[in-house]
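Colleague: Can you build the whole structure from these sequences, using the hints too?
Here is what each chain is made of, one letter per residue.
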Amino acid sequence: MIYVGFVYSRYQVYSEDKIESIVFHWSHSPKKISLDFPLSLMFTLQNEKGNIISKAHIDVEATMNHSGMIPINTTALYSPSKNVYETKLNLSMRGGWIVFLTITLENKQVIKKTISFTTE
Amino acid sequence: MKIASQLILFFFSIFLILEGLWGSSFAPKNLTTLFVWVHYRGLLVLILLLAGNYFCMSCPFIFFRNILRLFISPKKIYPKILANKWPALALFIGLLFSYEYFAFWAHPQITALLILAYFGIAILIDLNYKNANFCKYLCPIGQFNFISSTLSPKEVQLKNMSVCESCTTYECLKGSVDHNGHQRGCETQLFIPKKNGNLDCTFCMDCIAACPYGNVAVMNVTPASELLSDKHRAGIGTLSEKKDYLAFIVVFTFGGLLNAFMMVDSRSKFTKFLTKTFSLHNEFLLCASLFFLVLLPIIYLTINAKKKNRELIPTLIPLGFSIWFAHYSFHFLTGIFTFIPLVFHTSIPISWMGLPLSIVTPMQFGFLFLGFTASLLLVIKKMADKKQQSYLWFFIHTTIFFLAIWVMSRPMDMRGTFLGGAP
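Order-wise, the sequence lines are chains A and B. Read the first sequence against the numbering used here and you will find it ends at 116, with the numbers running on by one and no gaps. Read the second sequence against the numbering used here and you will find it ends at 802, with the numbers running on by one and no gaps.
Hint data in this document are derived by calculation from the structure and do not stem from the laboratory. In this text, a Cβ means the ideal position worked out from N, Cα and C, and glycines have one as well. Wrong hints could be hidden among the right ones.
Per label pair, the in silico range of CB-to-CB distance [what the hints assert, rightly or not]:
#1 Lys84(A) with Phe781(B): 34 to 42 angstroms
#2 Thr40(A) with Tyr679(B): 55 to 63 angstroms
#3 Phe450(B) with Phe2(A): 25 to 33 angstroms
#4 Leu607(B) with Thr110(A): 52 to 60 angstroms
#5 Glu620(B) with Tyr(-1)(A): 44 to 52 angstroms
#6 Leu653(B) with Thr40(A): 38 to 46 angstroms
#7 Gln105(A) with Met380(B): 46 to 54 angstroms
#8 Asn43(A) with His724(B): 24 to 32 angstroms
#9 Met380(B) with Ser17(A): 54 to 62 angstroms
#10 Met380(B) with Tyr(-1)(A): 13 to 21 angstroms
Within a straight-line C-alpha distance of at most 27 angstroms, the following computed DSSO-like cross-link-like pairs (lysine-lysine) qualify [claimed, not checked]:
#11 Lys28(A) with Lys648(B)
#12 Lys28(A) with Lys655(B)
#13 Lys459(B) with Lys622(B)
#14 Lys651(B) with Lys28(A)
#15 Lys655(B) with Lys27(A)
Modeller: Laid out in structure tokens, this is it:
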């Protein structure tokens, strides 16, 4: 019964409020992504009116698509001078990276975004 | 213990199939890819080295097959033309190739389908033909386990030869009938008095259960000692005359190197070289070319080797196993607790997820050196016994060892893993 309960609980669909009206952009620096330099990721959040969202909390999990990969966990901090959320990653491996972003807005609603890139 | 372990792995397999098909499509977030490609492979080599072929004993595919055999009793004998290791070798190479080309480690659904395929093929063969032909002649994992278990410290053996010499009923092979019903004998045809080593032994313990004299047991042996002898083996023959077994040993060794090479940056550079030089852009051909370039020549050399060299091919096993061990243990030890956030939906410090590279990398090289040393010692002992002298095998083992060191020291480069993988 414990086994059945465990399996059942993994495939439960939980309701989730989704806000689709956030405009999300991202960019990186340097332009050439390599292991030689830390990678800066910059995210811009805007609401549907085009206003910059500055009080969100962004958790960043950078990983690769192979089992057993140890992710890089960090937080993107808002930079008022640039109007972006920024974080630095020291990439540990060449290849394709996937970054999961968990964006928590001021009203506690959570948005999940995913970006990906490949090292040179 | 056998039934309990089979039951556990059977239900675990069901879970892995469900998780793979309906869980996260992203490999690091899916327990199927994690448990199969990291934990299972790591535990497999560890248990083979420290104990024996207990994973074959606990096989969930055979457990399910045994249940179905309660209702369907196979009558046919496996075709003689297929009763050799060549189909298994083709499957093993096919699996290694498919693992790279389809990036199994990055695809939970494909991993789940692979488990289903194993169930399907095991049932198809063993419900149609008597004995354990899937295990002996087809299962790629089984072949890997058989070869690796020649280094195990335990072996199913007779206790007292005089008991076997007086036996005329051979229950260890034919099975027995008692008040509990029919007890199978050895389904891979290993006649206990003539059994020599762990090759083709699935540790099913049927012979132990069938022997009316209690004369068969799991005994301690010196690891790799069976590789010193070329005497006739029950159910197999003389190893140096079995080119299919020898080819498998060679593919086992070089396949380990290839499997590790495919994950490092040099593979990308070599692929780019092939693309530039031969204008080869097809991913299938690029991947296949690596396998053809490495495995076909060595299979050819094995088939055409002289007897004195064929007798020394088994000395590759310790070094070949150490390559697999170093590779699998790397992923296992660096990611041993990565399942905790997935199972318990909680985060743990990154440092708790596995051992750091500063500890694992020296261990890898240590394993490789141990395997290399063991292979060299086997060569020295075999040559001393035969009063032969040849530097060829020292050269072969040293070359493979340094190639393994080079591959394991290259940085990993995980390209081409986005095929439908980004959630």
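Colleague: For every hint, state whether the structure bears it out.
Modeller: Verification of the hints:
Checking the proposed 34 to 42 angstroms range against Lys84(A) and Phe781(B) shows it holds: the Cβ atoms sit about 38 angstroms from each other. For the pair Thr40(A) and Tyr679(B), the supplied restraint of 55 to 63 angstroms holds, since their beta-carbon distance comes to about 59 angstroms. Taken as a hint, the range 25 to 33 angstroms holds for the pair Phe450(B) and Phe2(A), whose Cβ atoms sit roughly 30 angstroms apart. Taking the beta carbon of each, Leu607(B) and Thr110(A) are about 55 angstroms apart, inside 52 to 60 angstroms as hinted.
Roughly 48 angstroms separates the CB atoms of Glu620(B) and Tyr(-1)(A), a value that falls within the hinted 44 to 52 angstroms. Against the hinted window of 38 to 46 angstroms, the Cβ-Cβ separation of Leu653(B) and Thr40(A) comes to about 41 angstroms, which satisfies the hint. For the pair Gln105(A) and Met380(B), the beta carbons lie near 52 angstroms from each other, so the given range of 46 to 54 angstroms is met. The supplied range of 24 to 32 angstroms is met by Asn43(A) and His724(B), whose beta-carbon atoms lie about 30 angstroms from each other.
The hinted window of 54 to 62 angstroms between Met380(B) and Ser17(A) holds, with their beta carbons roughly 59 angstroms apart. Taking 13 to 21 angstroms as the suggested C-beta distance range, the pair Met380(B) and Tyr(-1)(A) conforms, at roughly 20 angstroms. Distance restraint check for Lys28(A) and Lys648(B): the Cα-Cα separation of roughly 18 angstroms lies within the 27 angstroms cut-off, and the hinted pair is therefore satisfied. This hinted pair checks out: Lys28(A) and Lys655(B) have alpha carbons roughly 22 angstroms apart, not beyond 27 angstroms.
Pair hint Lys459(B) plus Lys622(B) holds up; C-alpha atoms about 16 angstroms apart against a cutoff of 27 angstroms. Taking the CA atoms of Lys651(B) and Lys28(A), the gap is near 19 angstroms; set against the 27 angstroms cutoff, the hint holds. Restraint check for Lys655(B) and Lys27(A): the C-alpha separation of about 25 angstroms stays at or below 27 angstroms, so the hint holds.
Of the numbered hints given earlier, the model fails none.
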